[in-house]
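From these two lone chains plus the hints, build me the complex, please.
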Amino acid sequence: MDELDRVLVNRLQEGVEVVERPFAAIAAELGIPEAEVCGRLQRLVDDGLLTRFGPMIDAEALGGAFTLAAMSVPAHDFERVAGLVNAHPEVAHNYRREHRFNMWFVVAAERPEGIGEVLKAIEHETGYRALDLPKRREYYLRLKLDAGAAR
Amino acid sequence: MTVAAMERNGLDPVDRRILVATQGGLPLVPRPYYAIADRLDISPEEIMRRMRRLLERGVIRRIAAVPDHYALGYRANGMSVWDVDDPRVDELGQQVGALAFVSHCYRRPRVLPDWPYNLFAMVHAATRLEVAERVATIADLLGGAARSYDILFSTRILKKTGMRLEGRRGV
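In the order they appear, the protein sequences are chains C and R. For any residue, its number in the numbering used here is found by taking its place in the first sequence, counting from 1, and adding 237. For any residue, its number in the numbering used here is found by taking its place in the second sequence, counting from 1, and adding 59.
If we strip away everything but chain R, and leave its shape as in the complex, we get (with noise of 0.2 angstroms):
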């Protein structure tokens, strides 16, 4: 990374040895943090301060639980894609991202003529049936508003590490 964008982004060469260090995983003990500060030779009270200030900044969106949703029993994962009208999209998609049932909503371009669908809504269930008892409320709500739509079932996860830094630069 360039000093420039170090500078923009705030994330100097301890932050990042900091998020290469944990972004497998925190250490799974009572004092996580003492023992990432054994192993980086940075005291605890340093990595603690930053990482809250990374979670300030959003750089860290949270300090969590990352669940496998096929080994929880959500066996149906649907993406739900959808060719919205552009001038209603966005009120259309607040409704469709606030169902308690869809997990992420977004709105992305149109590649024409390959990929007409601008919204899309990611609904997991134990089953199939239940994907698409879901998706046709969807359906209902947005009504008249949706040329088309389709559902992809995915049959498989080929990769899921999240967002990964590298350790080398910078560093």
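Chain C on its own, in the form it takes in the complex (with noise of 0.2 angstroms):
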């Protein structure tokens, strides 16, 4: 990753607009073509040090509910249920933590009614109880990472 790339991961999250050619303004204030900041972008994403770029989706926006649920999963059962828990397409994000509660997800529905059905379906699977954390007030979302601050 070098300075280009660190611009253009600091600069593209705060996200674009939808116009015809999304790339060309960055492209612009870069002096760069707009094909190499698409080619940069590809590489980053295959690299890994960007999950995707696209839309963002809010479940709340679509009349959906998020909520964060933890559970305390043995060590020696902990794939198993992870494998499990990942396999519900509801489950956007889940980390290990480490912790008694030491498995930590995300699960966003389009109805609000499916958080519940989705975490009663994980506790029946896997035997273990989730606590559902939904979040109640959000303080400020802070939009970035500086990419360039941890190098």
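By construction, these hints were calculated from the structure, which means they are not laboratory data. It should be emphasised that the depicted structure is a prediction, and the values quoted were computed from it without experimental measurement. Honestly, I wouldn't trust all of these hints.
As the list claims (entries may be wrong) - Straight line, CA to CA, 30 angstroms or less: simulated DSSO-like cross-link-like pairs of lysine-lysine:
1. R:K219 / C:K357
2. C:K372 / R:K218
3. C:K372 / C:K357
4. C:K357 / R:K218
5. C:K372 / R:K219
Structure (structure tokens):
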């Protein structure tokens, strides 16, 4: 990842407008061809530095809901449970964390009732209880990580 | 999705097809909406018009690069969790959320006795030590209003796809 990649990642986390050529503005600003912006983005995706470039969908604006769920899973059973949890398309993210509650996942459903249904199914399939910790209030969503700061 | 739910959300079958086709990522070409138009047999103008509308309504939060913070060098990801006095949690949550190093800050319910924490603040940094230093700053800010706290470091991403719509419903 070079300096141009870093600028691209930082700038493009803020989002682009829906226009015919969404990469033209940043290409002009950086003084490189649009095709190079696209090529760099593709490489960043292929290398895993970006998980994707595209629309980020908000379940709540769709009339659905999100929740954060936590489970306490014994180490010997962790892989099996992770497989069962991740198999649900409504599970958007899942992280292992160092804590008694060691599996933390976000459930996003198109219908609010979908959250409870998915959590119930997961509890039933895995045999472990899932804490349901829905967001009550959001205090500010910072848009970006600084791709330049950590390296 | 039922007809009633579709009317409530205003996500008609064409919107859904467009979102399903793009949610995994746009084609990284100079005219991505033209590439999608070819695939979906919808005009590029119609795709752009609908995506603008979805952005305005907030169904699409933004069209952006989604980084993998581990790959970017933010190897330490600490979810700091706090048990804050209920009457003060909103006021203090605003202040914590405004800290530059806090990427997300939410109030969530306690689930007693297992889970006493009602405020969540996500802190990313290059090292765990840096995360701990940043969390100490939050502890100073919260002062006596926080009865206890913990930091849950992530050790592995098990899944990160983002919200996915199902393609088959309503199509």
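Any of the earlier hints contradicted here, and which numbers? none
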